[in-house]
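Go by the hints and put chain B onto chain A.
Protein chains in written order, with numbering that gives the first Met the number 0: chain A, 0 to 691; chain B, 0 to 691.
Calculated directly from the structure, the hints in this document are not laboratory data. Possibly wrong hints are sitting among the right ones.
As the list makes no split between identical chains, a pair holds if one copy fits it or if it spans any two.
Claimed, not checked - Straight-line distance between alpha carbons at most 35 Å, and here's what the computed DSBU-like set of lysine-lysine pairs gives:
1. K53 to K340
2. K91 to K53
3. K586 to K425
4. K312 to K332
5. K461 to K330
6. K586 to K86
7. K491 to K414
8. K599 to K330
9. K607 to K154
10. K461 to K340
11. K102 to K673
12. K154 to K102
13. K586 to K673
14. K586 to K109
15. K425 to K583
16. K583 to K599
17. K414 to K425
2 protein chains.
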Amino acid sequence: MKKLLLAGWAGAGLALAAARADEGMWLFNQPPRQQLKERYDFDTSNLWLDHLQKSSVRFNSGGSGSFVSEDGLLISNHHVGADALQKLSSEKKNYLHDGFYAKTTAEEVKCLDLELNVLQAIEDVTARVNAAIPAGADAAQSFLARRKVIAEIEKESLDRTGERSDVVTLWQGGAYHLYRYHRYTDVRLVFAPEQKIAFYGGDPDNFEFPRFDLDICLFRAYENGRPAKVKDFLKVSPAGPAEGDLVFVSGHPGATSRLLTMSELEYLRDRATPARLATLKRREVLLVNWSAREEENARRCREILFGVQNSRKAIDGRLAGLLDPALMGAKAKAEADFRAKLAGKAEFADAAAAYDQIAEATRISAANLVRSSLLEGGSAFDCESFRLARTLLRAGDERPKPNGERLREYSDSGKTSLELALFSEKPIYPDLEILTLTDSLTFFAGQLGAADPLVIQVLAGKSPRARAAELIERTRVRDLDLRRMIYNGGAKYAAGANDPMVELARLVDGEARALRKILEDQGEVKQRAHAALARARNALLGTSGYPDATFTLRLSFGAVAGYEEDGHGVPAFTTFSGLFERAKAMKNRSPFDLPPAWEKSQGRLHGKTPFNFVSTDDIIGGNSGSPVVNRAGEFVGIIFDGNLQSLPADYAYTDRQARATSVASAAILEALEKVYRVPNLRRELLAGKHAP
Amino acid sequence: MKKLLLAGWAGAGLALAAARADEGMWLFNQPPRQQLKERYDFDTSNLWLDHLQKSSVRFNSGGSGSFVSEDGLLISNHHVGADALQKLSSEKKNYLHDGFYAKTTAEEVKCLDLELNVLQAIEDVTARVNAAIPAGADAAQSFLARRKVIAEIEKESLDRTGERSDVVTLWQGGAYHLYRYHRYTDVRLVFAPEQKIAFYGGDPDNFEFPRFDLDICLFRAYENGRPAKVKDFLKVSPAGPAEGDLVFVSGHPGATSRLLTMSELEYLRDRATPARLATLKRREVLLVNWSAREEENARRCREILFGVQNSRKAIDGRLAGLLDPALMGAKAKAEADFRAKLAGKAEFADAAAAYDQIAEATRISAANLVRSSLLEGGSAFDCESFRLARTLLRAGDERPKPNGERLREYSDSGKTSLELALFSEKPIYPDLEILTLTDSLTFFAGQLGAADPLVIQVLAGKSPRARAAELIERTRVRDLDLRRMIYNGGAKYAAGANDPMVELARLVDGEARALRKILEDQGEVKQRAHAALARARNALLGTSGYPDATFTLRLSFGAVAGYEEDGHGVPAFTTFSGLFERAKAMKNRSPFDLPPAWEKSQGRLHGKTPFNFVSTDDIIGGNSGSPVVNRAGEFVGIIFDGNLQSLPADYAYTDRQARATSVASAAILEALEKVYRVPNLRRELLAGKHAP
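Bound conformation, chain A alone (with noise of 0.2 Å):
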């Protein structure tokens, strides 16, 4: 599933200078105009391009989506809105696994802290961001320099427009553009399908094809208590697209590795890589098992679950690329290439010198990579009750700094943001929390050895279990008024609480603020040979291309199209008679088994209905819930997966059997008249307005 990984490791690198095929995500401001002319005879209108824009939402839980009717109505991926599904539900009501629908708005349920983001206009600070760089400033005093412009930036923004104003680095530094998104925090379930449908085969299927997945989720966004009223959305088409149809994705990608030197890649191989699977699995293990205790349990942690294994397999196919000596073996080519074109131009000299600069910031980089992943990263105290007692702890120590020497997340900017997650009223379970921060307080332990001074000091004397135990129990963040409390009380209120978690994340605060600058610090070196190394491309290649994925809005295009595997042809599209078949030949065992609402509805359903289909989109990780359109900008299908051979396109496109995986329009509307049986939300669709 294509959602947001939070892998652990920066996005990077400067697109491909020349970008082949269907290659490229591509900014809005910069289309791909000349390929789409080239490769498909297509015209990019501004029109064209400014609704679409505006008809793409993000989803900041790690997602995409579009507006399908002028009332608000979203649509997303069922995996993208899982996480605001899990926050609704209860040991009595399930929205997650039995899924939802709302016969009126009336019945459309608030979610708890989701925030949407609709892109509204971009603007290139660049100059001005550059320009506050002192010259001869280090490393250190260019990154401070950065992040003050940054936030003054972002904050005027805000003030003129009361837009969310967010400061893009683009081309790992050779860019930096404003974006101004319209967001919403009014956003209510409106219909969701069951779990078993929407990730029909689970874990065993994701990421493969074919694949026969109702992988969707509506939403309404709100506006002063009523659907908003939305000038763009997209027309969605009852047939969908045909095989060898052009096809656009418009979404928000997470994060792509393409460009980043060899030394990076070779420590993403060897050591990030690796440290993040074995973290996974271990995660993976432990909640599989508390799963299969109790039902209850398999409730609470469904959520969690879903993302470490959709992780997981993810993160075990980039590591099969870095892995693949033809991935590297081109990548260190095009290095060297690049390198002797450099050799010897004085002009390009901080260019030439910019690879042995990466390497050594890495290298310092991968010397902290435990601690920091520890520490900064929580992964030693991995439970909700500490990542809300380090916000209410840094909250109170950050605020009262100026605006631009804040740690990033506590900018003025950014506070709304922060604060709909710290007042998130979703529930927080105590036998979870004990789980999984023993897990990894015994992590913790494992890594830097129990005689570790710091370690001695988080355990206090006890084992990881009865210290986990006591720090949940007496901890009292998950009481909602009494974080409001503190919050708004600062620095003195946090320690006055004399909260066991708040303190616990005092304890190991200095060390993990120094740690944070040493990355940060190795970051800006980082970025500053990279902007060397993006204009000497520029200089000498003579093209621009996409900047690797940030979670923004990009473009992409292909056509729908199957592929070959092991010398037979896997077609484009899949259909609703073929997951009746798949289930039959699974022996309807779990997950190959049907919810009964599809068991019953077989004979009603039209065989031949495209399902799911194939194209060759460059996506990655961000793109679930992404609108794929066709040439007049009609919706005709819903991006929310990757084969298992387009992994690696974190760090090289491939048109050769790489596909990104949609669900098609015709289907959803099927399943909405037949399966679902909720006309009114079939009829919305195809208006484009409400109809109660």
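Here is chain B on its own, set in the frame of chain A:
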């Protein structure tokens, strides 16, 4: 489940000087007569002991059992027999999952490579072993001399008696005893229940109590093609034990580490155990997800996956013990107290110096942990084909050497066992082989870095997946005739076969052997230091106790007794009623559902029949399948597990909550009668002879 864990660390240590309560895994030639007299007023007669010893059976695959009929019928756990059941199974006939019953001896199914050992005699050879070490020998010389004399003693005994002869290192080098076993290699399956009831509750309930498992499996030993006639077998008690009864366990605990020094325990806590757990969890995720894709996948790796999950849960529990300040604090205090006693006493200078010697040897071993686990431990190449290839390679190189100079597993006395395993006709599945080899080659690259010269040589310019597929598809070691040919032909044939897997084994053999030598030499340093500690302990504390477990026959004793947990009492017994209640409470969802035969039998079974029970006997992995006997030496139950609180027993015994878990004899007899309707088998158990 208390099957022997191949845990990757060496058993070590000397028993606690003063064994307390029901502690101890006692040698049959040094039984706890005094403790039994004092605590239970039990007189331990030699006749009683000798009968129990010769009724006890060791499963070389990692468990225990006992004869229960003069016609060679023996009982063990289902999960001990599972290895044999898995090897007999195919896509068509799944003995492991479905169970089995042979109505006549003609229907009994011969196991493929199962070896059973029955201890006949013990002889103390300490003086001869120690006399063979030249005065002033360093660790390396000492290791070689010791290996040589041990091989000689074993060979002489084998030649003289024709019985399997193993010199066992006890007290971590304080004593050497020659164990002579009668060996059975024609072992046939008589009865197995469905895995669903044998392992009721699956991984979630493993190591928990209350439990409801019919964890039994019956085999018959054959000699000369006919059921073996055995003089010693246990009479089965129809009633089983009562609360408070004294009960003995006679079995083969695999390894304990109760008198490791602090430096050794810290190494286990901070390095070896976390690394082992990471490997297990990685493998668990791989196999669980492969199993979910196809039922046949699940069948093929069922027994491997059980072993992985069983080890993971057990070792998680052990690590919790190592991170428990109560346990480690007591260990540290005991060590400090004893070191204080040694201080300044010239006659114990060697013991006083031992701690630092052990710490240094541990440090050197730890520094070689990663590469030695990968190369000599073979975790870089985890598949059956590699293990076979390495055996063929090394057999060719080792067998021409004098017996006393070979790697231990190639000595003359080990020949029969080695050939039984090497020429096993067990199925080996290429798809599973590629799966595990891909995963372990990926792990290998991640551990050493893909730029490591040996990694580059091993991968030969291919991705882990491509290299694994090539190796598994091209090797011919899965061909039994070829294995025989190479083995009989020796090193020349191994080279001439030009087999890619044998050549891979050869490629890494130099470094693997070098690493093994480092660990063996450091092991010798530790062995000599521990022997000095043992002498000092005997002199100063004046007790002998019992040595750490070594997968040799031991006697434990204790009482049938419940315990307190979270403020409520856990009764000693569960019943058949409890089983049906649990299935109902868990809504019959897997793994809490019942096999059809049990669902149908509910009305016929006595609800109050004792099903499982707990006792204070001191056991550990390897004790699975051990008979539990009463004062009269009658079989009253069979060990199959310990509770979660017993998992740190590797390091220390406690009778507060730690308990051994058994199936009661009454439940076995009633299930055979009423669920399985196998009156002949039940009659044989009651009469102690075959009832055709």
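Tested hints:
1. K53 to K340: Classified as neither: same-chain Cα gap 42 Å, cross-chain 81 Å, threshold 35 Å.
2. K91 to K53: For K91 and K53, neither the intra-copy (38 Å) nor the inter-copy (59 Å) Cα distance is at most 35 Å.
3. K586 to K425: between (37 Å within a copy, 29 Å between copies)
4. K312 to K332: Only inside one copy: K312 and K332 sit 28 Å apart there, 46 Å across copies, limit 35 Å.
5. K461 to K330: Between copies only: 16 Å across chains, 49 Å inside a chain, cut-off 35 Å.
6. K586 to K86: both (33 Å within a copy, 26 Å between copies)
7. K491 to K414: Close inside one copy (20 Å), not across copies (75 Å); limit 35 Å.
8. K599 to K330: Neither, since 52 Å and 64 Å both go past 35 Å.
9. K607 to K154: neither (53 Å within a copy, 74 Å between copies)
10. K461 to K340: Between. Shortest inter-copy distance 29 Å satisfies the 35 Å Cα cut-off; intra-copy 60 Å does not.
11. K102 to K673: Cα proximity of K102 and K673: one copy only (16 Å, versus 55 Å across).
12. K154 to K102: Cα proximity of K154 and K102: none, with 41 Å in one copy and 84 Å across.
13. K586 to K673: both (24 Å within a copy, 31 Å between copies)
14. K586 to K109: between (38 Å within a copy, 33 Å between copies)
15. K425 to K583: between (39 Å within a copy, 32 Å between copies)
16. K583 to K599: Both: 14 Å inside a copy, 28 Å across copies.
17. K414 to K425: within (19 Å within a copy, 64 Å between copies)
Consistency with the previously given hints fails for numbers 1, 2, 8, 9, 12, ordered from lowest to highest.
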